[in-house]
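**Student:** For reference, the chains in residue letters:
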Amino acid sequence: MSPLSTLRRWFRAAPLAILVLSLSGCDLLEFSPNDSRVPEEFTNLTQKNLAKLEANPLAPGDTLRFVFTGDSQQFYDEAEALVKSVNQQPDISFLLVAGDISDFGLAREMRWVDEKLRRLNVPYLTVVGNHDLIGNGRETYQRIFGDLNYSFVYGDTKFIMVDTNGREYNFNGQVPNMGWLKPQLANFDGARRQVVVAHVPPNDVDFDPALSVPYAQALRDTENLVLKMNGHRHSSSVGQPYDDGVTYVNSDAFSERTYMVVTVWGDREFRIKQVQF
Amino acid sequence: MASLLLSALLLAAPASPAAPPADTITAVPAPLVVRKWYRPTHALLQTGGGLGMVTGGLGYAFVNNRIDADVLVGYVPKRFAGSALGVASIKLMYSPFRLRVAEQVQVLPFTIGGYYSYTHNTINSGASGQYPADYYWFSTDSRYGPFIGGRFTYLAPPIAATGTPRKLSFYYELGSNDLYIASYLTNRDGGLGIGQLLTLALGVKADF
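Those protein sequence lines, which keep their order, are chains A and B. In terms of the UniProt record's numbering, the first sequence is numbered consecutively and its last residue is 277. In terms of the UniProt record's numbering, the second sequence is numbered consecutively and its last residue is 208.
Any given hint might turn out to be false.
Here are some chain A residues pointing at chain B (derived, C-beta under 8 Å) [as the list claims (entries may be wrong)]:
| hint | residue |
| --- | --- |
| 1 | Asn34 |
| 2 | Arg138 |
| 3 | Tyr150 |
| 4 | Glu168 |
| 5 | Asn172 |
In short, the hints are calculated from the structure, not lab data. C-beta atoms are modelled at their ideal positions from N, C-alpha and C, and glycine is treated no differently.
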């Protein structure tokens with residue numbers, strides 16, 4: 001075979017080989033750290049976890065118990081320890097992560113966290129945090145987890161998960177989306193009580209200052225609001241910062257090696273237990 | 001002095017091509033064309049490695065073709081990253097060994113290098129005044145990282161009229177970036193494996 005025809009064959013084969021490798025979903029062939037392509041098993045995790053939750057329903061009137069934590073960002077060693085500990089907890093229905101799943105808003109990080117948390121015996125659900133919205137994280141989070149604002153009912157409790165990371169949108173007056181939140185708070189979807197979960201609390205400098213007052217007011221006006229739960233601060237607390245009857249709960253980060261076991265019942269009764277791991 | 005040295009290296013690079021097999025040269029010795037110092041020695045096309053889905057570049061080889069410096073521009077379509085990204089990058093690499101496995105085939109079994117990239121058109125890269133100073137410690141758009149790789153080169157006959165040597169290489173690079181490595185370094189109890197940090201680039205490089 002002449003060298004020239006060999007050369008031509010190489011030229012023809014190269015793009016084909018690259019195409020085949022790209023299409024075969026070779027994970028390593030990453031176009032950018034912002035590349036949000038992941039295998040199907042790492043997409044729509046919110047929907048998939050809600051389906052698991054639905055498959056294991058809670059009888060009406062039953063007390064609900066769940067684990068509350070936040071800020072898993074870059075704490076993979078701790079994530080393993082957390083999973084081991086949570087898997088020892090009896091009678092819990094799911095685990096909530098109050099945002100900042102990732103540190104850099106990258107698909108690989110969200111996938112790494114899922115690879116840990118999918119080993120839980122219960123499903124887990126997330127709300128978006130400011131770190132998840134860095135770079136192209138906004139699109140990546142939606143591909144891997146799902147909607148930035150969503151709600152679900154489990155047993156007698158409605159959970160409203162809302163994006164409150166106003167600074168990531170340069171305080172554009174749209175986040176939190178009050179037009180979405182208010183009807184959510186007004187409609188119980190058949191539940192008896194409500195829990196609102198977000199990442200940035202309204203009394204934080206990273207919350208849109210134009211919306212903190214109307215946001216807190218909307219929560220104050222909500223009937224049977226058991227808890228308002230946040231992350232972001234890497235410091236656990238339970239209190240009423242506005243002295244308005246609304247209890248705000250803040251989670252530790254995974255790095256603090258504690259989580260909360262939260263029990264809710266009645267119209268708005270709750271008990272919170274801190275667990276070290 | 002430094003610029004003199006650099007010019008010397010640049011001039012030396014084209015003068016030391018892989019020698020073509022004697023029987024492929026035409027009977028009349030081709031005139032040696034003196035190249036302009038800025039003329040690139042190779043062009044490349046690659047995918048992956050965090051530098052784009054389709055990435056093209058030009059580069060220079062120095063020190064007997066043992067050091068390559070490449071400048072690349074890459075593209076990632078919107079459907080793969082949430083926004084259409086332009087990625088500009090520079091790569092510097094060193095390939096100390098070469099094996100002539102056949103008359104016209106050379107293998108560079110080991111390449112070590114590093115890159116810097118800048119990504120254009122990310123969705124939220126921080127507007128002026130959006131964040132207080134040092135709010136995030138890392139840059140959204142600037143990445144750098146190491147890689148190792150290898151290269152298989154087909155030594156084509158030189159262009160008869162000018163004696164310009166030609167080579168066509170396939171290369172691969174296994175690399176990572178500053179953020180993946182930072183994630184690994186903060187989890188020393190096995191929370192992440194090295195394999196989870198890796199990216200792969202595949203490309204072709206044509207010397208002319």
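**Student:** Would you mind marking each hint as holding or not holding in the structure?
**Tutor:** We went through each hint and held it up to the structure:
1. Asn34: holds, 5 Å
2. Arg138: It holds, given that the least Cβ distance between A:Arg138 and chain B is near 6 Å, below 8 Å.
3. Tyr150: violated, 19 Å
4. Glu168: holds, 6 Å
5. Asn172: It is violated, given that the least Cβ distance between A:Asn172 and chain B is near 10 Å, above 8 Å.
Checked against the numbered hints listed earlier, the structure breaks hints 3, 5; every other hint is satisfied.
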